[in-house]
Amino acid sequence: MNWTVVQRILGLLLMMFSLTMLPPVGVSIIYSDPAWLPFVESFLLTLFSGLVIWFPVRRSRKDLRLRDGFLVVASFWSVLGTFGALPFYLTDIPQMSFIDSLFESMSGLTTTGATVLTGLDGLPNSILWYRQQLQWLGGMGIIVLAVAVLPMLGVGGMQLYRAETPGPVKDTKLTPRITETAKALWYVYLAFTITCTVGYKLAGMGWFDAVSHAFSTVAIGGFSTHDLSIGHFESTTIDLIAVFFMFAAGINFSLHFFAWRFVQIKHYSRDPEFRAYVFILLIVSAIVIVSLSYLGVYAEGEQNFVNGLFQAVSIATTTGFTTVNFSQWPGALPVLLIFASFIGGSAGSTAGGMKVIRWLLIYKQGVREISRLIHPSAEIPVKLGASAVPVRVVDAVWGFFSVYVVVFGAMLLAMMATGLDQVTAFSAVAATLNNLGPGLGDVASGFMTVNDPAKWIAIVGMLLGRLEIFTLLVLFTPVFWRH
Amino acid sequence: MKILILGAGQVGSSAAYHLSREEANEVTVVDTSAEVLRDLQDRLDIRTVVGNGAYPDVLERAGASDADIIVALTDSDETNMVACQVAYTLHHTPTKIARIRSADYMNAKKLFTQDAIPVDVRISPEQLVCEYVEQLILYPGALQVLEFANGRVRLVGARADRDGLLVGQQIAALKEHIPNTEGRIAAIYRNGKSIEPDGDTVIQEGDEIFFVAARQDVRVFMSEMRKLEDPVRRVVIAGGGNIGLRLALALEQTNNVKLIERDPVRARIISEQLNKAIVLVGDAADEELLLEENIDNVDVFCALTNAEEANILSAMLSKRLGAHKVMALINRPSYAELVESGSIDIAISPQQVTIGSLLAHVRRGDVVKVHSLKRGTAEAIEAVAHGTAEESQVVGRKVEEIDLPRGAAIIALARGDKVIIAHHDTVIETDDHVILFLTDRRQIERLENLFQVGVSFV
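Protein chains in written order, with the working numbering: chain A, 670 to 1152; chain B, 33 to 490.
Source of the hints: derived by calculation from the structure; they are not laboratory data.
Hints may contain errors.
[To be verified] Below, simulated BS3-like cross-link-like pairs (lysine-lysine); rule was C-alpha separation at most 30 Å, straight line:
1. K34(B) with K731(A)
2. K259(B) with K225(B)
3. K225(B) with K401(B)
4. K141(B) with K731(A)
5. K731(A) with K225(B)
6. K935(A) with K430(B)
7. K430(B) with K207(B)
As the structure is a computational prediction, the values presented were derived from the model and not from experiment.
The following block holds chain A by itself, in its conformation from the complex (with noise of 0.2 Å):
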């Protein structure tokens, strides 16, 4: 382990982060509201601890390691879970315990959207600016971010940005350099945050809520400057705009990348893992919408339609934006689209949930499995578009899937222990470990309601669920430590 490297990587990333608390101060100025101070205080705070981790290693110049790169990966998320939650521990408005104010920042790193504040609207700008920007760092990666800014990673970028990007696969650079390739998926996400923006803007939000709603959408984080999240603006068109950014965030990234490189769009039809998500979505969508007309849960045709799609959207993509309260829709509904949200979205996108890749190459085992049967003597590998996938990824899906069932039940069975019933447990740990945000039964609105014990549950399982499991647990293993 290269400790001074670990080291100094970590504090340099502390002082950049520590740039991230200056624009609200000036929001908070644009606004007068009076929360400026603690994201001052934060600030230094933040960069002062950055510069001691950094000075004594300054000039320490070796290359990165594998296991160096999941360690400065891990621990970056946990210190900056920690950081981030300065300007909520120091505001006055609102008053936040420590494990509030530690959830909140977590929550929206990981872009989560669970939340434990409540009388959002009340609440000063520069704090409601503040979060919705911790999820937009946190969609895309700040160590991505990082990757691409500080050039000094040279090679060991690539370590950190494989310990950071989610999906099965992660050799795949969009160009040869990783920087480039770090600085182009920034500006595919900066570009559609743009789009977004002026998008909600046009269809009659403010210019504060636009861009904060389109931050929290492309990073679908489902953080909101509201109580009634984009129920709020009771704006169908505003709805439709959310959907469609929720959509497109949760495609992976390369292929827009390609999109805009070479102004195509006839390869996303071709991207097996998109033509699942896609279908996916439209029915879970589709069974939404008509069980909703079904059972004429709305008196309007209409809503039943943009509901159901905007929730199904939503929550199958791993948002957690809400129009209606869907923890009450009747039947299997709820449930459903809890369910839905395991899928998540694509690999390389900034949702959450076990990727469709991952469930479409189990499926794709399973069907195998039934060819087997029917030619026991068949050789048939398992294929994504035209090539078959290597035995190794398939393994690694198999492996991730497992772990992520024993984390799942080792989490369900803690939060019961703390005195949740079996509804509100089961879906505090979909909504945290899927990176989805609200729940069912006590959790359908947020945490707030929720025991001390089962919030540092939750803050754990939000972490598991950003860096995919594998790149925290494998700190916790001793083959990890052993020299």
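Starting from the known structure of chain A, fit chain B onto it as the hints suggest.
Relative to the frame of chain A, chain B by itself:
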């Protein structure tokens, strides 16, 4: 510069390593083995594409449409040639470099035109290595002999020993020792670190010295550094592969050459091609065989088989049995470092020999030749100065007036047929071939800028 490398073998991966560590290059490597590529991508900041490099579809995926250079280094000559042709036909790739092993192709110069097989530069690592070894045999005592300006200027690396006339004296004394010979010490490495030589520097025993001189003066100069060795007469080559055979062919007229080859069939084939050299069938690490062939009288033993471990062992064995000088072909840089200071006199690294000819085409400005030295940390460069005094930052200036980056030195000029050893007051003219020595490779970009005829300086 966007560079496409086909083939991730020894040469391919070392080319990727050298090229990708220069900030300005974007390197994509294509190979058929996904595993090799994964390992490579873990170590280097490059993009990799799995597939046959000659296929249009694979080239397209690897970004051939905007590549500046395609370097085809796969095992197969045919694949390399087709890849260049495909890249040129479909993507108009400006510079196409291919590794061509077969001498038959190499000799058919007419083949490589834009409308037949558009390969701009043909590299044969075997030939380069063979020439390299030939030079070392020609100049006994040299660790490295590099040619510039079509062979008129030579840069020679040698280790100073007790018997060198200059050892223990200041460099300035050189003028008194050999007043009529022009030459210059370009760099000195002491204990592996470079020290900047000036007139007062005292040469010590064990220093690794690089000096530049006209071809005919090299031997005189060498005597200043170490005891002059007798010309090599008896050479034993282990390994009758491409390199071994080429070397034997090149040396058999002037030297007494024996070649050891393990495979009887191969031995038969090469014995038919050789006229004077003796081909021995057997194992190069067979003590009996070596003794029988009077290894203790041999001037140079070259282990040139494909297996580097076998090369190291047979070279060490020959050294112990009394061979005067042993050389071994070693691919892995770490092995080379291990053995070179000890029992093996010279470790020959095919990658390092080959990479220079690639680097020359990647450099901006009119760079004719690049030699990579000291495992890629240093470089010797031949660049042509263009433009007028107003346009160029070098033309019309004295050497001392040129704003060279740290660790860089202008050591010689080739002007027409003349060789000029650079002094502080030598004035550079347009079209001069300027030979530079760069001990700190990281300054390469500044050096490139210097030799570009920049619009900004008009």
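Against the structure, the hints:
Proposed proximity of K34(B) and K731(A) is supported: the alpha carbons are some 27 Å apart, at most 30 Å. Simply put, K259(B) and K225(B) have alpha-carbon atoms about 24 Å apart, close enough for the 30 Å limit, and the pair holds. For the given pair, K225(B) sits about 24 Å from K401(B) by alpha-carbon distance, which is consistent with the 30 Å threshold. Of the supplied pair hints, the one linking K141(B) and K731(A) is violated, its CA atoms being roughly 47 Å apart against a limit of 30 Å.
Proximity of K731(A) to K225(B) is assessed by CA-CA distance (about 20 Å); at most 30 Å being required, the pair is judged to hold. A C-alpha spacing of about 60 Å is found between K935(A) and K430(B), which places the hinted pair above 30 Å, so the restraint is violated. With a C-alpha separation of about 21 Å, the suggested pairing of K430(B) with K207(B) holds against the 30 Å cut-off.
The structure fails to meet hints 4, 6 from the earlier list, while all remaining hints are met.
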